[in-house]
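Chemist: Protein chains in written order, with our numbering: chain A, 1 to 403; chain B, 1 to 237; chain C, 1 to 292; chain D, 1 to 330.
Careful, some of the hints might be misleading.
[What the hints assert, rightly or not] Some chain D residues close to chain C (C-beta under 7 Å, calculated; not the full set): (1) 113; (2) 289; (3) 292; (4) 293.
Because the hints were derived from the structure by calculation, they are not lab data. If you're wondering where the values come from, they're calculated on a predicted model, not measured in any experiment. We treat Cβ as the ideally placed atom computed from N, Cα and C, and that holds for glycine.
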Amino acid sequence: MNINMKAAVVAVSAAIGISAGMATDDARAQAGAPIKVGFVTELTGPWTFFGTSCVAGLKFATDEINKAGGALGRPLEFVIQDNQTNPSAAVAASRNLDVNDKVVALSGPTSSDTALAMYGYAEQQKIPFLVPVAAFPQLTKPGTKYTFRIEPNAAGWGYSIAKFLEQRKPGAKVALMYSDAALMRAIVAGFKYQAPRSKVNIVADVLFPQGSTDATVQAAQVKAANPDYVIVIGAGAFDNVLTNQLLDLGVKPEQIIHPYGITSQVFGWGQRSAGSIYGTFFDIGLDSLTKEGKDFISRFDSANSRPPSYVENYCYNTPYILKEALQNAGSADREKLRDALSKLKTRELTSGVPIEFDKNGARKEYMYFMQIVSVDGKRTYKSKQIFYNEWDAEVIPVYDLVK
Amino acid sequence: MSLLEVSALSKHFGGVIALKNVDVQMRAGETLGMIGPNGSGKTTFVNIVSGQLRADSGGMRFDGHDTLGRQPHELARLGLTRSYQAVRVFAGLSVQKNIDTACLLLAGEGLARAQLQELTEWLRLDLALDKSAGGLTLFEQRRLELLMRLAQRPKLIMLDEPVGGLAVTEVREMILLLQQLKARCSIFVIEHTMRVIRELADRVVVLMAGEKIADGPPAEILRDQRVIEHYLGTVHA
Amino acid sequence: MSDATLLILASTVSTGLILGAIFALVAAGVTIVYGCVWLPNASNGQFFLLAALAAWSLTGAGWGSALAIIAVLALGIVLSLLLEWVLIRRLYDVANRNVAYFVVTLGLTQIMSGIFSLTYGRWSDQFTLPPLVAGITMIGPFPLPNNRIAVLVIAFGVLAALFALLRYHRYGRALRAVFQNREAAALRGVDVRAIYKLSFLLGSSIIFLGGLLFALAYSFDLTVAWTMSVTAFAIMIVGGPGSVVGALAVGLVFGFTQAIVSIFASPTAATFSYLAAMLAILLFKPTGLFSK
Amino acid sequence: MNPRHLNARNMGIALAILALALPFVLEGNRFLAFVFGMVMINVLWASGMNLLYGYVGLMPLMFAGIAGIAAYAMIYLTRSFGWSFWLAMPAASFGAALIGVLLGLPSLRLKGFYFTLCSLVIQTVLTLAFIFFPHFTNGDTGLNQIAPPEWFNGAPLAGLWFDLVLAIFAVAGAAFCAWLVPTRLGQRFIAIREDDVLAAVLGINVVRNKIIAFFLVSLYAAVGGCFYATYVGFISPRAFDVLTSLNIWLFVAFGGRGTIIGPIIGAVILAPIPFLLQELQAFKDVLSGVLIIVVTLVLPGGIYGELLRRRALRRAAAQPQTGTTAAPRT
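Based on the provided sequences and hints, a complete structural model is requested.
Modeler: Set out below in structure tokens:
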């Protein structure tokens, strides 16, 4: 079974063009059997880009940690499995890692749908579950014991956008265009809750089913409503379609707000989007980058010929968080690790943002808003930080807003 | 009283008229033949009477019931069944299974083993029981078709060209069988081969382009001038 | 305000036309193969996607859109020939082959979609082709990309050519003869198997073209294949198997339905309406609306 | 009595004993035990699909959709009204079976490809409905933490005992088919499969029998769906999409349609693949696609059907030719 498992790791890593050889070989060199963590993420399917980016970030950290002696004197080994962006597959993979590989913890999903599926399994089987990049609020709903989420919840993002607009243009008229997915529903729910309280008026609200490919008509509707800002949340390439069709219609880049932006998206929006605003949790344009942060960016860039975004950053921090928790727990025991995680008080290596989890495993919320300065093909882009705010997850009734 | 009573039956497919005001009466125990050139509406007639097609207009009574628009399986229960020009048996099943399936209709009050045995031997299928029906010769299949119908104790059986495609010797045998069949139930038979009609039918109906042009004993029908010029001329070749 | 309504009107019409034309093309391809060869190809959506993906790869490799399109069409013809030779012709004489073939092509669908998610899955959020023609034409307040105008022109051009072919060319007459009655056609000395082969080629090439045009006009992901398969079948059934006129008319209707529905409801409502229409036709007029 | 029947019956009994014994054997390894449970659910499904596809000759591609309806309904009843699983499951299944009958009505008018296409459309509509009416189904995100059925003492059914319950239902499902086929009803089904026009002429009410068949097959789908949901603990629309229907169909076609043993063999061989070969996850669609084509073109009888055919040929060869091949002449 072990051979079998190694084969899986190698096959998968090969599939994403990163050699898992290094990590595991180092592991052999280390004293003591590796501490296994199940990493179930999107290596195929619609969220592939997030999954592969995440694994890229993860690799950096695991290599560093294992070179520096691992955790508890044992190497950290992330057993990576593909969930095809399919919740059922995610559950199957989790079960396999739990029973066959006896992993101490689960991690990995970057899509809320797969994360929710694993959440159910982890909570039922009492396995610590560290979610790097999945923002659906219910992942930390009251009563959650084993799930910890590094990314702020998406309803909060919506709240944050409303706060941003309140400060930027009181009484702003806003149009919403978004795809129908758990993440998008949550963002919009948070925004719609906070909008009236922040004196923001919603003048158009357009929902697209998954797999939509065109928005000509809807863009025209939005343009006709003549808003000050358009919040665009398309799934995958559809985000570019929405953006381009709005720009074609003469909407100004400065009017377009993307709740979240990772590198590939920024490149996708392109130079014509210079001036648009996007939310994020880590960006090469941040004011508060630590030395490790700058270092990570430059090394990631030279390795992947593109700068990292918050996805890579969270997955880069995940092994460090686990390492610290394991050290505090003093043993690779699931219950001990869970307690250690809930007590953890630390900071993100790369940006110095504090990391602590509340009783539900939710994190102290925060968000940056960046403005695109320039986009240079698929190689680099420039952005500047224009807004930052922090808030407590339950400042809005987040768990009632999104079921 | 008459067993089958069809009055002013009409049917058209799109623009084509298949049947036009056809009246046919049939007494119990009688054997009625129907002749006519290809496309004269013979098979359409059988399809309608046996419930497989809906008539556009007209009346239909069988054994005292109004049967216009009744489903085939209802008619089967009333005792009206049919055979097919292109013989139709469950080719995928064994002969025995074919017979069993036919016997499903009359649960308790079905034929006794002995009667079934007698039928099977009469139609000389007793040795073929566990062969696949698809593997039988055409003649054997026609006999099986008969056996399956008779197993249901029909009052009227409508035969659509029962000797079609059979070899000369087989035709002779079939006619023999059918003559014995007359003792068992009333027969309505469509045929091309004059011989069958001449030797079987008590009475003949002639269809021409969907209309009944003659109705009477074979002998005089076969003398009928119109029939000869329109039909017999074309067939004897 | 009237400017706003004009804006919405123009966008609706243009979308309806483009979608409709592409639907019509694909449905025509499906209906020709089914109506003539009696083979319902469930994997047509995958062919459609294959064309789009191939074009995406080629343009990604630096080819110009026009060149890529021609190359993909050629590839499509070769592939269809291959498929016809390996698989399809084995079914020409199978009794009730339409079920067998439908199932086989469902299998083919699974194979192709599996391969696509393996090969293209990891990029699957970034499929857009560079435009064939640059620039934007203003229709009143509404900006219509010239690229989409080009797509529209090509689509209708091909549809017109298809009509001419079926109406006036010798092949077209033979094809219609086979549509109506295989045996009779065979008796009249038409080489039925040759017609089958030609129709399969023609049909799948048209589907390929449909995929290319769709990729040009819109961005796409791997899910478009299944949607297109179902839509194409819906159009074929409603329009009447074998009726290219039906494919065109119903295709346009569906295209406009989608465009109009998306003004006041989610486009899903459109999909539901297609399927509902299809079921209704299947149940109450299986021959379709335009069948002779 | 035809020896093949005896033979098949023995095989069936052996399989049943095996099914009821394995949970105890596998208790050590929860993963293999889980795979076993999934196989049992699929055996149940395959037997149901076989009832319609194998014996009535219709290919219901909306099978998974019906399973989905039952699963969602069952969860709704347990969560919103606090019903016990053992109450909600039969209720939901019965309801789903009635819906299955409604969805089957087209088959009374349509034949062959048109029916298959129609059932495909219905399946697509159901999948869309599961995705786009989230207040019941929570959309593409799916429902998780589905509570397992409660045991007699109220404790949640789990581990060995859950596997055992699944085994019992699977065996019961297959046994019911085995009992049904020789009955008059089963014989009518077969007649309709072989030639429904002839069946009607022989007095069989095709419409009524098809409706009965649809009710039964939907019941199988529904019960399987309820157990699937509680056993996996998570469902999403994808768990009940057309690919699932096709896979279940493949179990039947690959094993051998129209036999009791065939579909079981098919499910036992094919169902575990995606679990045991995690590395092949991505390839499993390709694999089943290839199998579908192979079965349709090369092995229409399935492996068990092929086996029976071979055996029949051998027997025929062994027997001396009786005089019945040619029609006796007078």
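Chemist: Would you mind marking each hint as holding or not holding in the structure?
Modeler: Structure-based check of each hint:
1. Given hint, residue 113 of chain D at the interface with chain C, holds; its Cβ is 4 Å from that chain's nearest Cβ, closer than 7 Å.
2. This hint holds: residue 289 of chain D has a C-beta 3 Å from the nearest C-beta of chain C, less than the 7 Å allowed.
3. For residue 292 of chain D, the interface hint holds, since its Cβ comes within 7 Å of a Cβ in chain C; the closest pair sits about 3 Å apart.
4. Below 7 Å, beta-carbon pairs count as interface contacts, and residue 293 of chain D has one with chain C at about 4 Å; its hint therefore holds.
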